[in-house]
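Enquirer: Letter by letter, the chains look like this.
There are 2 protein chains.
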Amino acid sequence: MDWDTVTSRLNQMLAEGKTAQLRGALRMLNRVDVAQYLSGLDTDKMLLVFRLLPSSIASDVFSYMDDEQREKLIFSIGDREISRLIDDMFIDDAVDFLEDMPQDLVTRVLANVSPDTRDTINRFLKYPENSAGSIMTVEYCAFPGRLTVDEAMDEIKRTGLDKETVNTLYVIDENGILTGTVPLRKLICASEDATLSSIMETVFVSVHTLDDREQVAATVQKYDLLAVPVTDREGRMVGIITLDDIMDVVQEETTEDIEMMSALTPSDDTYLNTGIWDLVKNRLPWLAIMLVASIFTGLIISHYEGLLSGAALVGVALTACIPMLMDTGGNCGQQSSTLIIRSLATGEIAPSDALKVLWKESRVALLVSVVLALVCFGIQYLLFARPLDVTLVISGSMILAVMFSKVLGGLLPLGAKALGLDPALTATPLITTMADTCSLLILFAIASAALL
Amino acid sequence: MDWDTVTSRLNQMLAEGKTAQLRGALRMLNRVDVAQYLSGLDTDKMLLVFRLLPSSIASDVFSYMDDEQREKLIFSIGDREISRLIDDMFIDDAVDFLEDMPQDLVTRVLANVSPDTRDTINRFLKYPENSAGSIMTVEYCAFPGRLTVDEAMDEIKRTGLDKETVNTLYVIDENGILTGTVPLRKLICASEDATLSSIMETVFVSVHTLDDREQVAATVQKYDLLAVPVTDREGRMVGIITLDDIMDVVQEETTEDIEMMSALTPSDDTYLNTGIWDLVKNRLPWLAIMLVASIFTGLIISHYEGLLSGAALVGVALTACIPMLMDTGGNCGQQSSTLIIRSLATGEIAPSDALKVLWKESRVALLVSVVLALVCFGIQYLLFARPLDVTLVISGSMILAVMFSKVLGGLLPLGAKALGLDPALTATPLITTMADTCSLLILFAIASAALL
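From first to last, the protein sequence lines are chains A and B. Under my numbering, read the first sequence as residues 2 to 453, first letter to last. Under my numbering, read the second sequence as residues 2 to 453, first letter to last.
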């Protein structure tokens with residue numbers, strides 16, 4: 002059954018007021034799908050349907066709704082309902098939600114949740130943005146190492162269903178310091194009276210609350226973890242970060258990189274949710290900078306005015322090939338910088354590989370530039386019947402411009418990384434402006450020497 | 002202790018022949034780090050160190066080594082060692098490894114593993130590349146629904162340690178059809194004589210062996226799953242795909258998108274591992290196509306030769322602003338297409354949103370183009386003291402070129418998606434070529450009308 006059929010059947014039950022049927026039908030859907038269905042309803046209907054949900058899934062569904070819908074919902078329901086909803090949510094989801102809400106709503110929500118939840122949420126809201134602390138969850142199982150397998154199992158039975166993940170147990174000492182991990186399957190397979198200390202794994206990976214979330218994502222990916230424990234300055238365990246949250250981080254960081262590589266200021270929101278003014282603000286500064294940078298190309302062309310308006314055939318040939326040469330230089334630079342930026346992002350190369358990159362790009366550039374120069378020669382000499390000397394100048398400039406752009410494109414991102422800047426910044430705006438300017442300079446330098 | 006210190010200490014023990022110490026030190030490292038250490042050694046030493054590893058972790062370490070090292074290792078060790086190594090690996094890791102190896106090595110490996118492993122590997126090697134079947138693992142726990150919680154726990158204790166993940170149990174009927182799922186924490190918290198059927202969740206998400214892996218990744222991300230069951234044509238459960246493998250898929254697909262957006266043929270291998278000829282092969286065709294496409298810009302410029310070489314001041318002004326206008330058009334188009342391509346990739350917008358995109362891009366383009374035209378006017382009229390009429394022509398062309406490029410950049414990726422093509426293809430090569438050509442045409446059309 003496809004999604005359109007599902008929604009039309011649900012809408013029909015809703016329109017006919019068959020709430021019992023609707024309630025039953027909603028129980029057959031995944032919580033993510035229920036949230037998607039609610040997003041398509043207007044506020045009154047959404048509220049009605051939301052109240053039909055069994056309380057066991059209401060908080061989950063709420064986690065998957067979008068901000069606008071959640072804000073409307075919170076404003077429409079009573080204090081007691083708010084309290085139940087937020088208390089039942091996983092802390093990290095509740096914090097995510099509150100971070101994006103207006104202050105009066107946050108105050109109202111915090112006034113209505115249990116003191117425990119309020120304390121935890123407040124602690125979370127204090128972690129710096131993009132830190133490990135701000136994306137971790139506190140719903141995990143940590144036990145002292147002296148507990149036996151049997152005791153730990155009893156404890157899990159008592160509290161486990163409320164935890165976001167119990168796939169790994171964390172073993173802590175009397176000061177709360179993390180000392181080892183026990184995968185749940187190992188716990189199940191161990192003999193009942195073994196202590197956790199005796200079966201725990203002591204080689205484990207952990208991160209710090211203040212670590213940057215991008216660094217945490219790299220660690221989790223490197224070690225293929227499903228969850229990573231988070232410790233505070235004193236080594237005490239304070240939370241875990243699960244792989245599904247890491248996945249979101251990776252997607253967001255990648256989007257940021259891609260946007261920067263296309264000369265856009267990265268935006269936190271989705272395209273359709275971003276307002277016109279924000280879109281303009283994210284695009285205009287870069288375009289204006291590049292426009293101003295093109296003063297250089299204009300200046301260069303004006304400077305060599307004599308060359309362009311001199312002998313008719315030569316001038317026209319040179320003018321006509323300017324866009325071709327500049328485009329090719331820019332494209333070549335972009336190709337190289339893209340490969341290097343992505344390799345830096347996935348941790349495959351480091352600034353210390355600069356020599357390897359230089360050597361590789363030089364050889365690739367030589368091969369590529371010679372072939373492109375031949376194609377260029379064919380187009381200019383055979384197709385457009387340009388004079389031989391002008392054609393040779395253009396093709397020679399092509400070789401140098403491609404070599405220069407590719408080597409620069411390979412090295413600029415490494416330089417940025419070494420200086421602690423974001424390599425993605427060196428992509429389109431910087432590399433194409435530099436490649437453009439230098440391609441022109443090369444052309445005119447060779448043309449002046451050979452044709453005047 | 003940083004990584005350089007770790008390796009230098011290990012190297013010292015290795016050089017001094019203190020194998021017992023080295024063995025102890027290796028046990029203190031994460032398996033991923035051991036693999037990284039091995040990758041830095043030459044073949045003889047690598048083999049020596051690898052043989053020091055406890056057999057319980059050797060297969061895991063092997064999974065994390067790079068292809069070149071693994072090939073060398075397999076060629077250097079005996080048949081019995083191969084057999085133990087591969088039999089101990091998770092099937093999906095073993096298949097990944099064999100897919101990238103030369104045929105003679107695959108034959109030798111398959112001749113030495115147990116018949117069960119061989120059958121499974123052979124079955125896997127038959128799934129189409131990029132299908133769900135090719136990335137799934139068969140190490141999961143599936144039980145009939147009539148089993149009680151107690152019986153299931155006993156079964157897990159008997160076999161669980163060999164499974165890649167037992168965080169979720171899968172419930173199947175007598176035909177192997179997947180009927181429900183039981184999270185392990187629910188199993189632990191349930192009463193011992195309840196049957197799996199009575200506690201299983203019947204609303205679950207599954208994928209098909211032949212589904213494209215990109216589609217599987219989208220499903221797993223949408224529903225925030227840690228693992229997804231895979232079923233065959235008859236609905237029988239045949240494997241699971243875990244989130245860490247999905248993460249790899251997402252990273253690879255993103256790299257592909259980014260490379261295509263920069264006019265590169267996507268490569269499966271890492272930058273440093275890709276040979277010169279492959280790098281040339283991935284870059285040259287696109288550069289050549291764009292070079293040939295620039296015949297159009299050359300033709301347009303030649304066609305309007307009269308305009309450029311006519312009145313001296315007009316000709317120079319127009320010539321000097323050609324690169325500026327073309328660059329701005331290309332940059333604007335790239336910004337818009339990047340936003341849309343990324344939003345399509347993350348599933349945030351669909352081709353059916355074309356009208357919304359058109360409306361949004363038009364308004365953004367109007368605002369952006371007016372500001373850019375003013376900047377352009379300032380540069381040309383005030384800074385370069387160009388004639389007023391020429392400056393007005395250039396600024397007016399700027400507005401139209403930006404509007405055109407932004408709207409085109411917004412709609413082209415949606416069109417590609419609707420036609421079943423990869424939207425990333427419409428980025429740099431196509432959009433900049435079209436934006437370049439049209440920006441020039443707009444400039445010359447306005448200039449001819451206004452200045453001749």
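Note that these hints are calculated values from the structure, not bench results. Treat the hints with caution; some may be incorrect.
Identical copies look the same in the list; a pair holds intra-copy or inter-copy alike.
Stated by the list, open to error - DSS-like cross-link-like pairs, simulated, lysine-lysine; straight-line CA separation at most 25 Å:
(1) K187 - K158
(2) K418 - K73
(3) K282 - K357
(4) K223 - K282
(5) K46 - K73
Enquirer: Evaluate each hint against the coordinates.
Expert: These are the hints, each one checked on the structure:
1. Proximity of K187 and K158 under a CA criterion of 25 Å is satisfied in both settings, with 16 Å inside one chain copy and 9 Å between copies.
2. Proximity of K418 to K73 under the C-alpha cut-off of 25 Å is found in neither arrangement, the shortest distances being 43 Å within a copy and 33 Å between copies.
3. In this assembly of identical chains, the alpha carbons of K282 and K357 lie at most 25 Å apart only when taken from different copies (19 Å versus 39 Å within one copy).
4. For a Cα distance limit of 25 Å, the shortest separation of K223 from K282 qualifies neither inside one copy, at 36 Å, nor across copies, at 30 Å.
5. In this assembly of identical chains, the alpha carbons of K46 and K73 lie at most 25 Å apart only when taken from the same copy (12 Å versus 65 Å across copies).
Checked against the numbered hints above, the structure violates hints 2, 4; every other hint is satisfied.
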